[in-house]
Amino acid sequence: MMLPPIAIYCSSGSWGGLELNTVRLAQWLSERDHSITLFCLQDSPLATFASSLNIPSRLIARHKRYFDVSKALLVKRSLDQLNIRILLLVDNHDLDFGVLVNLLCRKRIRLIYQQHMRIGISKKDPIHTFRFRQLDAWITLLPYMKEEILANTRFPEERIHLIPLGIDATSLRASLPDKQAARNYLNLPASQMIMGILGRLDRQKGQHLVIEALRRLKQKGVSILLLIMGESTRDEGEDYLNELHQMVSSSGLQDDVFFRGYEQNVSWFYAAVDLFILGSFEETYGMVTIEAMVCGVPVIGSRAGGTPELLGNGKYGWLYQTKDPVDLANTINRALEDPQRLKQVSERAQHYAYSAFPHTKECISIETLIQSLD
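Just so it is clear: in the sequence shown, position 336 is 336 by the numbering used here, and no numbers are missing.
FYI, nobody ran anything at the bench for these hints, they're computed from the structure. Please note that a few of the clues may not be correct.
[Unchecked claim] Computed cross-link-like contacts, BS3-like style, restricted to lysine-lysine with a CA-CA straight-line distance of at most 27 Å: (1) Lys64 with Lys76; (2) Lys218 with Lys123; (3) Lys123 with Lys146; (4) Lys361 with Lys146; (5) Lys124 with Lys107; (6) Lys124 with Lys179; (7) Lys343 with Lys220; (8) Lys323 with Lys361; (9) Lys315 with Lys146; (10) Lys107 with Lys76; (11) Lys179 with Lys343; (12) Lys146 with Lys124; (13) Lys107 with Lys71; (14) Lys179 with Lys315; (15) Lys179 with Lys107; (16) Lys323 with Lys218; (17) Lys343 with Lys315; (18) Lys220 with Lys323; (19) Lys64 with Lys107; (20) Lys146 with Lys343; (21) Lys123 with Lys107; (22) Lys146 with Lys71; (23) Lys146 with Lys179.
[Unchecked claim] Computed beta-carbon distance windows for the label pairs: (24) Ala190 with Asp374: 52 to 62 Å; (25) His351 with Pro143: 32 to 42 Å; (26) Thr170 with Pro56: 51 to 61 Å; (27) Asn265 with Ser51: 13 to 23 Å; (28) Lys361 with Pro5: 37 to 47 Å.
Quick caveat: nothing in here was measured; it's all calculated off a predicted structure. Cβ atoms here follow ideal geometry from the backbone N, Cα and C, with glycine treated the same way.
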């Protein structure tokens, strides 16, 4: 199906799940022969990555959050030049700006918001209500997020569309090296059980909780190691990394914990570990959880955010009490004590992830939504 030209707008200067999923969507839609232009911040990681993938882009300057008419006029001119009819916003910080741009375009553009962060507080006031009412469609990712929209806004339910973020499961699975090769590449022990946590180093991601859980497991005589892969949060220094190293040292875990930096090819990580731990205090929609499921790695995640729904409330993994290293250690121990169930759950999760989260399904759902707006 052919769609009208689409602009995906993201003014974020960071590099995380939102930005990565945005550039993936732009790439997938482009590969499906749609006219896609990514509007992204000049000199941002998003712009750099989009350029490496040859995704058509327009570089923008950072706008003020409210009433930045001059910057909105510049974007309007670009949209006019490109004959854009669909404007997809992915960052909630861009909502006001996107609405302003469309008002300057005399509402000739269909405005779609793809929500990546949950709504935690009531936004039923007149200002939020006006802003949200300018959206032609609101894409949300999981049922609990849709319920939050209905509870905390006055947005019409018929304009809410439940479309999970997708993953190129076939390519990810095909790129997996064998375990021995992955452990050689990452310089890890060849034969011991290894659990892993993947993502930027940040207190909210819970790497310290996993180290504490490991300490408790060692006290119980459980033979397992820990791989921590990721880099410190951009522009926030190395304080948390240093704290993690200090925890490892004071707990006598120097031979049990392995720190590895950012690795663009995450296949090395998933191939190397026997168990995936999601330590986040609250993950709205954990792509790493889905990636681990696709790769056949058993998942242990916290009972917060979207993780319980992604794991089928325990059907596709194990859940522990958020921020509780004692319960995390106990949950890891329970999973390891039943190798047969560990294998069965991971196989069930892999099959589910392949059917529920293929990137083609996300693309087709967005295509169908856009067609319905004409």
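Worksheet item: Do the alpha carbons of Lys124 and Lys179 lie within 27 Å of each other, as the hint requires?
Response: violated, 51 Å
Discussion item. So if I understand the rule, the pair passes when the alpha-carbon distance is 27 Å or less; does Lys124 with Lys107 pass?
Written reply: holds, 23 Å
Worksheet item: Has the hinted range 13 to 23 Å been met by the Cβ atoms of Asn265 and Ser51?
Response: holds, 19 Å
Worksheet item: Are Ala190 and Asp374 spaced within 52 to 62 Å by their CB atoms?
Response: holds, 57 Å
Discussion item. Next pair to validate is Lys146 with Lys343; report whether the Cα-Cα distance is within 27 Å.
Written reply: violated, 33 Å
Fill in: Pair hint Lys179 and Lys343, alpha-carbon separation not exceeding 27 Å
holds, 16 Å
Worksheet item: Does 32 to 42 Å hold as the CB distance between His351 and Pro143, or does it fail?
Response: Given a distance of about 21 Å, which is not inside 32 to 42 Å, the answer is violated.
Practice prompt. Verify the proposed pairing of Lys323 with Lys361, using a straight-line Cα cut of 27 Å.
Written response: Between Lys323 and Lys361 the Cα gap is close to 34 Å, so the pair fails against 27 Å, i.e. violated.
Worksheet item: Keeping to a limit of 27 Å between CA atoms, is the pair of Lys146 and Lys124 held or broken?
Response: Between Lys146 and Lys124 the Cα gap is close to 15 Å, so the pair holds against 27 Å.
Worksheet item: Within 27 Å, alpha carbon to alpha carbon, are Lys179 and Lys107?
Response: With Cα atoms ~54 Å apart, Lys179 and Lys107 exceed 27 Å; violated.
Worksheet item: Is the hinted pair Lys179 and Lys315 satisfied, with a Cα-Cα distance of at most 27 Å?
Response: Cα-Cα ~26 Å, so holds.
Worksheet item: Lying within 51 to 61 Å: is that true of the beta-carbon distance Thr170 to Pro56?
Response: violated, 25 Å
The structure shown violates the earlier hints numbered 2, 6, 8, 15, 20, 22, 23, 25, 26, 28.
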